[in-house]
Amino acid sequence: MTGGLAIADLAAGYGRRPTIEGIGLPRIASGTLVAVIGSNGAGKSTFLKSLAGLLAATGRVELDGEDLLRLPAAQRVRRLGYLPQSLPLGSVLIAYEAVLSALRAIRPDLPRAEADRRIDDVFDRLELRPLALRRLGELSGGQRQLIGLAQAIVRHPRLLLLDEPTSALDLRWQLSVLQTVRDLADREGCIALIAIHDINLALRFCDRVVVLNKGRLLSTGTPDEALDSALLRRAYGVEGRVEACSRGFRIVLADRALNDGEGRE
Amino acid sequence: MTEDTSLARRYARFVVRRIVVLAALAVALVLSFLGDAATGPSALPLVDVLNGLLNPAGLSRSAEVILWNIRLPAAAMAVVVGAALGLAGAEMQTVLNNPLASPFTLGISNAATFGASLAIVLELSLFGFDQTVMVPACAFVFAMGSILVIQALARTQGTTADTVVLFGIAMVFVMNALLWLVQFVASADALQQIVFWTMGSLARATWDKVALVALVLVVCLPLSLRHVWAMTALRGGEEHARSFGIPVERLRMLVMLRVSLLAAAAVAFVGTVGFIGLVGPHIARLALGEDHRFYLPGAALAGALVLSLASIAAKTLVPGLLLPVGIVTALVGIPLFMALILSQRRNA
Numbered sequence: 066m067t068g069g070l071a072i073a074d075l076a077a078g079y080g081r082r083p084t085i086e087g088i089g090l091p092r093i094a095s096g097t098l099v100a101v102i103g104s105n106g107a108g109k110s111t112f113l114k115s116l117a118g119l120l121a122a123t124g125r126v127e128l129d130g131e132d133l134l135r136l137p138a139a140q141r142v143r144r145l146g147y148l149p150q151s152l153p154l155g156s157v158l159i160a161y162e163a164v165l166s167a168l169r170a171i172r173p174d175l176p177r178a179e180a181d182r183r184i185d186d187v188f189d190r191l192e193l194r195p196l197a198l199r200r201l202g203e204l205s206g207g208q209r210q211l212i213g214l215a216q217a218i219v220r221h222p223r224l225l226l227l228d229e230p231t232s233a234l235d236l237r238w239q240l241s242v243l244q245t246v247r248d249l250a251d252r253e254g255c256i257a258l259i260a261i262h263d264i265n266l267a268l269r270f271c272d273r274v275v276v277l278n279k280g281r282l283l284s285t286g287t288p289d290e291a292l293d294s295a296l297l298r299r300a301y302g303v304e305g306r307v308e309a310c311s312r313g314f315r316i317v318l319a320d321r322a323l324n325d326g327e328g329r330e
Numbered sequence: 186m187t188e189d190t191s192l193a194r195r196y197a198r199f200v201v202r203r204i205v206v207l208a209a210l211a212v213a214l215v216l217s218f219l220g221d222a223a224t225g226p227s228a229l230p231l232v233d234v235l236n237g238l239l240n241p242a243g244l245s246r247s248a249e250v251i252l253w254n255i256r257l258p259a260a261a262m263a264v265v266v267g268a269a270l271g272l273a274g275a276e277m278q279t280v281l282n283n284p285l286a287s288p289f290t291l292g293i294s295n296a297a298t299f300g301a302s303l304a305i306v307l308e309l310s311l312f313g314f315d316q317t318v319m320v321p322a323c324a325f326v327f328a329m330g331s332i333l334v335i336q337a338l339a340r341t342q343g344t345t346a347d348t349v350v351l352f353g354i355a356m357v358f359v360m361n362a363l364l365w366l367v368q369f370v371a372s373a374d375a376l377q378q379i380v381f382w383t384m385g386s387l388a389r390a391t392w393d394k395v396a397l398v399a400l401v402l403v404v405c406l407p408l409s410l411r412h413v414w415a416m417t418a419l420r421g422g423e424e425h426a427r428s429f430g431i432p433v434e435r436l437r438m439l440v441m442l443r444v445s446l447l448a449a450a451a452v453a454f455v456g457t458v459g460f461i462g463l464v465g466p467h468i469a470r471l472a473l474g475e476d477h478r479f480y481l482p483g484a485a486l487a488g489a490l491v492l493s494l495a496s497i498a499a500k501t502l503v504p505g506l507l508l509p510v511g512i513v514t515a516l517v518g519i520p521l522f523m524a525l526i527l528s529q530r531r532n533a
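Residue numbers (this note's numbering), protein chains in the order written: chain A, 66 to 330; chain B, 186 to 533.
Chain A with its partners taken away, still in its complex shape (with noise of 0.2 Å):
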């Protein structure tokens, strides 16, 4: 079986020192929502970079049985959707150009008929289509980063990664963003990885975690299996418990920081 993601051996970075190294991931299956945890500083974009060829990154990520490190970045772009962490820029762009834009650019051949409905379709699931006509500088940074998130969906990526897509939305949009992303990966089997700061909603809606800390994998696995309180202790420097709640999900309750010398790492 060639199918999904697998990653052995990652390393990549910004200067001649990898930021992260190491890192392998089992296959992961298509439709799997992946969640990208780790303190700040841990590695977590820095991964979803040099996946999404932004950075010159060493190893193998194989997607669907090719290795995407070297494929063409003509090619590789057009498996990938990524979404970073900064914000869409305010300019007079309107948000229907800045998706356009980003079909476009990848795809200059689709089909206008078809790039239309793609369109009407992602501003439809994320509910943009009041905003479709307004300027990206008028827009607040909650609706400019569901511009961002569009950008990225509209080109019907294999690969989708996400960095900090929640961080500019407040907590109904949190939920609809996470719950269109759990839907796209159901219908389309897409496989998503999500890095992301709350804990709680990565454990809500998606199947595996990965776990980084200072640039290496530190744990994997489903929820239960990924994280229990040694583990919040390793990474984040927090005593805590990871409880069930009463709808089944897994939820982290921190209790305190730890300080220097009391099993951080």
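It is worth saying that the hints were derived from the structure and are not from the lab. Misleading hints may appear alongside valid ones.
[As the list claims (entries may be wrong)] Across the chosen pairs, the derived CB separations fall in these ranges:
| no. | chain 1 | residue 1 | chain 2 | residue 2 | range |
| --- | --- | --- | --- | --- | --- |
| 1 | B | Gly505 | A | Leu198 | 49 to 55 Å |
| 2 | A | Arg281 | B | Leu285 | 43 to 49 Å |
| 3 | A | Gly254 | B | Gly330 | 53 to 59 Å |
| 4 | A | Gly87 | B | Pro432 | 39 to 45 Å |
| 5 | B | Arg194 | A | Ser205 | 54 to 60 Å |
Given the structure is predicted, the values throughout are model-derived calculations rather than measurements. C-beta atoms are modelled at their ideal positions from N, C-alpha and C, and glycine is treated no differently.
Based on these hints, arrange chain B on the given structure of chain A.
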């Protein structure tokens, strides 16, 4: 979803409005071009201009010479130079993500002025070409050279927008210092020529020069239009554009080379004409937004229109005196630019 509520249909109506704005700019440019040709010290009414355009033999010999050898080349030069500077400014502002970027802010015009001054002071005449060829040739070579140096320096730092702008600002100061040095050692006669050149003038226009600038424009515009999607995506931010697989550094380098060609060709023949590369893109941005399918042609049309109107103003502001157009573009351009910025802020 019904057809009426389709976003594509709503957007199509939006696009039609933009095409109408582009058409209005084109019509205004044609009218301004005719007005420019009909304006000057000698009386040549608009009717005669139209007749002369359709049937040159119908004019008197003197009117024909005035129209075809003086007025039309100058009016056409205003259009092609304005379009070249407008297009250059628009592309530059996009790839440098800086609304103040123009051929002036990166020292391209200063380098052209230094090159022209050097040719004037040294009385350069090479390979049988006299000063009328050597002055614009030197201006062109130095303008192109300056941007190549900026590119080469910026590449050592990763060619980010900020490094290009910083090296461009340094280039402005270096070229100004060299220009002052040339002026310091120049004879009184050469100094007068340099000062006249730096003021910017359409009076030196000939059909050959118009054809050369037009050729550069005709070559560059289709190349610019090939990058419209990438440049539109870049307006959402560099990191986002990169995430779409757009090779931003390579795009920036290609655009800067194209821009330097446009700006160098424009300033080589007319001298320093300020603010067109700044005002043209701002007018286009306000009227057409930043979808580069409309923005780039809009900036070229707006640049051409503003320079053409400035050319008319240069001939009519002080009766009996033909002001250098560079003075008019600066005097009219600054208030126009301020008004645009203020109205933009009010609308926001």
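Taking the hints in turn, this is what the structure says about them:
no., hint, in the structure
1, B:Gly505 to A:Leu198: 49 to 55 Å, "holds, 51 Å"
2, A:Arg281 to B:Leu285: 43 to 49 Å, "holds, 45 Å"
3, A:Gly254 to B:Gly330: 53 to 59 Å, "holds, 55 Å"
4, A:Gly87 to B:Pro432: 39 to 45 Å, "violated, 29 Å"
5, B:Arg194 to A:Ser205: 54 to 60 Å, "violated, 27 Å"
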